[in-house]
Each structure stands twice: as structure tokens, then as C-alpha cells.
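Residue numbers (UniProt numbering), protein chains in the order written: chain A, 1 to 281; chain B, 1 to 250; chain C, 1 to 266.
Bear in mind the hints are in silico, worked out from the structure with no lab data behind them. Be aware that a few hints might be false.
[To be verified] Selected chain A positions facing chain B (in silico; Cβ < 7 Å):
hint: 1; residue: Leu124
hint: 2; residue: Ala131
hint: 3; residue: Ile221
hint: 4; residue: Ser259
hint: 5; residue: Thr260
[Unchecked claim] Here are the simulated DSS-like pairs of lysine-lysine, each with C-alpha atoms no more than 25 Å apart in a straight line:
hint: 6; chain 1: C; residue 1: Lys184; chain 2: C; residue 2: Lys198
hint: 7; chain 1: C; residue 1: Lys129; chain 2: C; residue 2: Lys198
hint: 8; chain 1: C; residue 1: Lys142; chain 2: A; residue 2: Lys195
hint: 9; chain 1: B; residue 1: Lys85; chain 2: B; residue 2: Lys165
hint: 10; chain 1: C; residue 1: Lys46; chain 2: C; residue 2: Lys184
hint: 11; chain 1: C; residue 1: Lys262; chain 2: C; residue 2: Lys234
hint: 12; chain 1: C; residue 1: Lys116; chain 2: A; residue 2: Lys195
hint: 13; chain 1: A; residue 1: Lys195; chain 2: C; residue 2: Lys129
hint: 14; chain 1: C; residue 1: Lys129; chain 2: C; residue 2: Lys184
hint: 15; chain 1: C; residue 1: Lys120; chain 2: A; residue 2: Lys195
hint: 16; chain 1: C; residue 1: Lys142; chain 2: C; residue 2: Lys116
hint: 17; chain 1: C; residue 1: Lys116; chain 2: C; residue 2: Lys129
Cβ atoms here follow ideal geometry from the backbone N, Cα and C, with glycine treated the same way.
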Amino acid sequence: MMASTQADTRVNGPARAVHSPAGLSLGLGRLFLRYPILSRVVSLGLFFLAWEIAGRVPISYAFPTFFDTAYAFGTMIADGSLISAYGSTLQPLVIGIAISGVVGIVLGIVMGLSRMAEWLVAPLFIVLQSAPMAALIPLITFVYGIGLAAKTLAVIMLALPVIVLNGYKAVRNANPSLVAMCYSFQGTRLQQITKVIIPDASPVIFAGLRLGLAAGFIGVILAELLITPTGIGDLITYHRSVANYAEMYAAVVSIILVSTVTLAALEAFEVRVLRPEKRRG
Amino acid sequence: MTLFGYRVPMMASLIVWCILWELVGQSGAMFLVPPLSSVLAAAVTMVQTQTWQAAALITLHSFVVGMAFAIVVGVTLGVLMGRFKAVDDLFGIWVNIFVSAPLSALVPVLMILFGMGETTVVVTVFLFAVWIIVLDTRAGIRHVPNSLIEMGRSYGASTFALYSKIVLLAALPEILAGIRLGLVRGVKGVVIGQLLVSIIGYGELFELYSRSFDMENFWALTIILFAAAMLMSAAIEHIEKKVDYYAGVR
Amino acid sequence: MTMSDAVFNIEKDVPADAVVEVRGICKKYGEVEALRNIDLDFPRGKLTTLLGPSGCGKTTLLKIIAGLIEPSAGEVRVNGRPVTGPGPERAFVFQDFALMPWATVMRNVAFGLELKGMGKAERQSIAAKYIAEVGLSGFEDKYPHELSGGMRQRVGLARAFAVNAEVLLLDEPFSAVDEQNRRKFQEDLLRLVEKERKTFIFVTHSIEEAVYVSDRIVLLSRRPGRVSQIIEPKIDRTASPDAIRRDQGYLDTVEEIWQGLKHYVD
Ligand SMILES: Nc1ncnc2c1ncn2[C@@H]1O[C@H](COP(=O)(O)OP(=O)(O)OP(=O)(O)O)[C@@H](O)[C@H]1O
Ligand SMILES: [Mg+2]
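Could you put together the complete structure from these sequences and hints?
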């Protein structure tokens, strides 16, 4: 598998198109452009209608209607419990993603540039990326207890591998034709890296960040459900234990909403800042 | 990488990491990390126990059932979304939301809807795996050149033949890629589901060993799990390579 | 020199003012022998074309001259100095354009100067001049994906002009350009050759194109590539493009080259 990622050194013809490793899996920003307003409204409306009907039937004693859930959502915002829960959920997420982002991108770039680093580190992260890291979350408590550090570590454990691997693949597959072009104009190695390789790799690196953030959301919620009863995870557990199902559903929907909006915003930012050519295209 | 003129296979560096693990374990610096050798020894004893075999079986069962549903539903929905705009409009937004949503938050909901048992784990596997399969299948179907479909029509293929003999086969590289990603996600789903349900299969054992600070067995479980996940992903990749040759010439 | 079968061996009658001298170049890719013992001189201020069957090593030779790949044996000298890598006196125009998709036309054209550390205002004014020269005025702030294939290659050409190299190396610059644009482009190229007074080394697949634009045509044999023939089309370039394409000398040269190459195509 790794052998195929060696740089394409053939002298002739256009560079092989890079199959971005994360190309298909995340398209939230485009989602809001691709699907016309009407179909989005219809699609959302039908879903909520189905939910409302299913809740009215009801399909289960633990299945509140859409309006009950929306009402619970309102009250939880009003009484501040949702806001304070997000405070404690988002803090480790932001710290964890910041750390994974910096470490992961640097590590990925180094691996993409150096054969030695690639050989040593890439297989490790390939294993970590395709293995269920969640299994290790229960261990965190033994060292870091149940505080902020434990949750941050859970985020890092899930987010780091995908960020590292995307950075690495992006740099390794940087368009060889552009690299040759830079070399032919006597660009130094440093110029080659900063002016060609990293800009060329940045969309895939950024896609890695988005995938990392998505994994980080999973990690932080999992940590809150499993080891540290705080934040949104605790809100879910608590309302479940007292059979406030509407409140519980509201908390679940809200975290899905928050993660969707965050990821979409990140993608919009990417298109705006990193890829000016996409804005008008 | 090449060392003294010899090509050293990439995955060989894992041996370096294993040795490092062994050394850290031997030094006893971290009680969380027992030496790799004793973990492996524990793994060998563990796989012979009834408990482990039962747990592995139930885990495998949930995984297979969940994945089967995910593949059938995912490919079907993906094909429909790829071919019909109305279906695409209706489901596109949801598929895109759920493919990257924190599904771990949904598991508690599943637990009250489906009970604290295997069904919940099956549904978790399904939910983790299905969306990426839908997206990749849809992309594959979109890639099928129109000329290929027109060719089929002009030779009088029935709709069924058109789909089973042309469209699905032409989209196979993407569908397989989707299934591979789905499998990786499915493994994560089965682990997360069982950890949260925590009274069945692997989740129960993880809970048991971490509660009792039995690190050898804990890591033995983890290693077996990781190895299984890697092997499966490698196997699919192998199949993928076999069909990939025609991805370029479609 | 191994050119016993050359029809017009101009090395004999033209005083050697060669910018680029290729001496005994061989290139092997592992088992594959791409080039064998190439000796060539490229006269200053002329457009020389490398023509030959597919896979005979034209791109390889051009990239060796550019200093982008190392020969297995032999030496290339530019203005008498041996080539060890890319240099400021040579500029390469890439077959696949090699434009940076995230950069505007302006930044792409000025990129060679940017790498040299030239200030922004200065390099942009130079770039603007060459953008105008290749006929892209008004497109300075566009991105490559907004341009047609022909326009993209003009950007690549302007970028090579902007660094003011003596020798321009062009690898099938028109192969990704449609036929109408290609003709227009060939005419523009002739005008630029006239105006810029630079040495051009040009790789193409097309016999007509080679005869139309070249002062000299080097025919390479099938792999391993060797120099099989050097032809100097005798064409009156002051005539209009259409007149040239109907000119008897033009047609005869095309025919002659075709006869020479025909046996390579089975
Ligand atoms: N990096 C490489 N590794 C191995 N073989 C190569 C490599 N680059 C080129 N070759 C081989 O060397 C020979 C010459 O290649 P080259 O690209 O120079 O030919 P060319 O004349 O430019 O061909 P074309 O007309 O198709 O562009 C070809 O047979 C090609 O397959
Ligand atoms: Mg070539």
C-alpha cells in the first residue's frame, strides 16, 4: 500500500491526478451550495414531520415528538444548562484539536518530506488510524483522572492519526510537475517546500483537519459518556436516567447540529482563504 | 526506505515500535504499559478461554450483521442517489450530515430504543458504516460515463441487466473503496457501541479488565482487536487493487 | 559525431556558435536505455526541434539539457560551462503547463522572478510586459482554471520569458491545445522567436509543426534514441503563414521527414 505513494518520477506527461484520501468523505460546505434551497427545506421538513408522527404514535415510550424536543431545547437554552454544558465540552475539544493540528500537520509534513521519517512513523499512524482507538479511552482515567486533561487526551487520540496521515499523503503526493517547475527556476529546497509543496498540499491537509475535528467530537462525547460525567455527555446521561427523554434528545440533536455547523464553517473558511481559485470557479 | 542499499519494507518499522514498547514495559516506568512479551503471552492464554471466545463471537456477530445491513442499504441508497435527482435532493443533506456527525452521542438514544443488548450494537455498527458507503457509491455511479449506459441501451439491455451488468460493475472501484472505509468505521462502531453498552462482548471484557487493572489482558484484547481491524482492511484493499486496474480506463 | 547518414550536416558549414553543446549523452532508466551517445550543437538564436517516434527519449534529452535529470554518461555545456542543474540561462516550458492553481496569472508568470527574490513591484512590471507579449493582457488576475488550454500554455511561455533566459526549452508545448489554437500559437511563437532573439529547443510530435516553426530539425531514431538526421528546412519565413503552409519547400521537407520516420511506425 505504501509503495504506491512514492513520488511519480516519470519525466513525461501530466502528473498523475492525486486521489485525495479524504476527498469524498466530507462535503458539508458544498452541501449548502449543491442542494438548492427548496429541496433542502423539503428534505428537512419531511424528516421533522416523520419524527413528529413517529413521536405521536408513539413508536416507543422513549421517543418524544419533534415539537417536545424543540421545546425542551428552548428551555435548556433558557435555563443555561445547555450553554454551560457546551462550555465544558468545547474547551477540551478546542485544546485537543489545536494540539493535534499543530503536531499532526508538522509531523505529516516531515513524514512527507523525509523518507526516514516516513518509514519510521507512517506505519504506526496507519495502524492507529484504522484501529478502534476508542478502546483505549477507559485507560486515560488511570493517568489523567476525569478532568480536562483526560477529555483533551481522548480528543487527541482520535483526531491526531487522521490529521497526520492526511498531511503526510498530501505532501508526499504534491504535484511532481510543480515541484520540477520550481526546481527548474532554481528555487531552493526551502522555497520548494513553502511556495509549492505546502500550498499544493493545503487542501488535503485541511480536509484532514476537518476529519480530525469530526473524530474529536466523537472522542469528547465518548469520554464524557464513559469516563468523565461532564458537559453534553453528562447532560445526555442525566436526562436519560431521570427519563426526561425530550431533554435528552435535544442534547443529542444539539451536538450533531453544532458539529455539522462547525465543520461546514471550517470548509467555507478553507474555500475562502486557502483556495481563492475555487471561489469564482 | 533504503538502508545500506537494501530496501527495508515500510511496515518493518512497526518492529522498532514493538521493541520500544517491550523496553518501556520492561523498565516498569508506566504501570499502564506491561512488556509486549507478557501481553502476547496473555493473548495466547486468553484466546483459549471460553469467555474470550464467547465475547469475540458476539462481537463478530454484531459486526457482521450491522455491516451486512450497511452494505445493502448503503449501496442501494447510493445507486438511487446517483441515478435519481429527487432521491439525491431528499437524502443528500442527511447523508452529508451523518457521515461526519458525532454518532457516539446517538448511542445512548439507541440504548433506550433498542435495549442494552446486541441490537443496539448492530444499529451502531450500521450507523457508523452506512453513510460513507452511500457517498462513495453515489460518487461511483456519477462517474459511470453516459456513453457506457447508452451503449447498454443501444444493445437492448433490460433495466435490470443495465444495472447489474454495467452500472454496478463500472462503479465497483468506488463502491469497494466505500465498503473498505465503511468496514473501518464499522469496527469503531462495534467497539464504541459495546463500550457504551458495556455488558456484552468485547465491551464487557474491556470494562472488566480496566476495572481490575489487569493491563496484560487489556492490552491483549486491544492487540487482537487492532490486528483484526488491520487484517480486514488489508484484505479489502487487496480486492480493491484487483478491480482498480479498470478504474482508469472506464 | 555519428551522423554519416545526415543529409544536411550543418555543423560543417556553419561556424560553431553553439549555446548548448551536448556531448556523448547516454541515459538509462534501469534496464531501459532511453538515449545512446547523443552529440548535438544548438546554434544561438535559432529554433531547433527534436522530432522522433514516441518514447525515443525527446523529453529525456530536453530535461537533461534543462538540468532536471542527470545523464548516465556524457556532458551538456551551456555557453561552455558544464550543466550540473537548472540555471538562470535556461528556462523550461512544461508540457502539462505546471501552473500553480492557487496563484493568479500574474503570480504564475512572475514566479521565476519571485524565486530569485526580486521585489514585488519590479517583478510584476516585468511579468506584465510578457503577459502582454503573449497576448494575455486583461487576464492578470485570473486563475489558471479560468483559462483555456492555449491560454494556460501562454502563461507558461510568459513565465519562461520573464526570467530572461537565453535558452528556452519547450516540451510539446502545444500538445494539450486544440488545433485552431495550435496554429495561432505557432504563428505567435514565430513572431516571438523573431522578437526575443533567444535560442529555442522545441520538442514536438507533429512533423508539420516542426517544419513550420524550426530553423533546424533533429530527427531521433527509435529507442534507444540516437541522432539519425539533421534537417534544415529552407523556407522563406517572411511570407504569410498561409503561403508558407502551401510552399513547395515546406511540403517537400514534410514529405522527406515522413519518409525518414515512416519505417519506425509499424
Ligand atoms: N522515470 C522513468 N523511469 C523509467 N523509464 C522511463 C522514465 N522516464 C521515461 N522512461 C522511458 O524512457 C523512454 C524515453 O522516454 P521519453 O519520455 O524521454 O520519450 P519521449 O520521446 O519524450 O516520448 P513521447 O513522444 O511519448 O513524449 C521511454 O521508453 C520511457 O518509457
Ligand atoms: Mg515526451
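Do the hints match the structure? See the list:
no., hint, verdict
1, Leu124, "holds, 6 Å"
2, Ala131, "holds, 4 Å"
3, Ile221, "holds, 5 Å"
4, Ser259, "holds, 5 Å"
5, Thr260, "holds, 5 Å"
6, Lys184/C - Lys198/C, "holds, 20 Å"
7, Lys129/C - Lys198/C, "holds, 17 Å"
8, Lys142/C - Lys195/A, "holds, 19 Å"
9, Lys85/B - Lys165/B, "holds, 22 Å"
10, Lys46/C - Lys184/C, "holds, 20 Å"
11, Lys262/C - Lys234/C, "holds, 22 Å"
12, Lys116/C - Lys195/A, "holds, 13 Å"
13, Lys195/A - Lys129/C, "holds, 23 Å"
14, Lys129/C - Lys184/C, "holds, 20 Å"
15, Lys120/C - Lys195/A, "holds, 15 Å"
16, Lys142/C - Lys116/C, "holds, 23 Å"
17, Lys116/C - Lys129/C, "holds, 18 Å"
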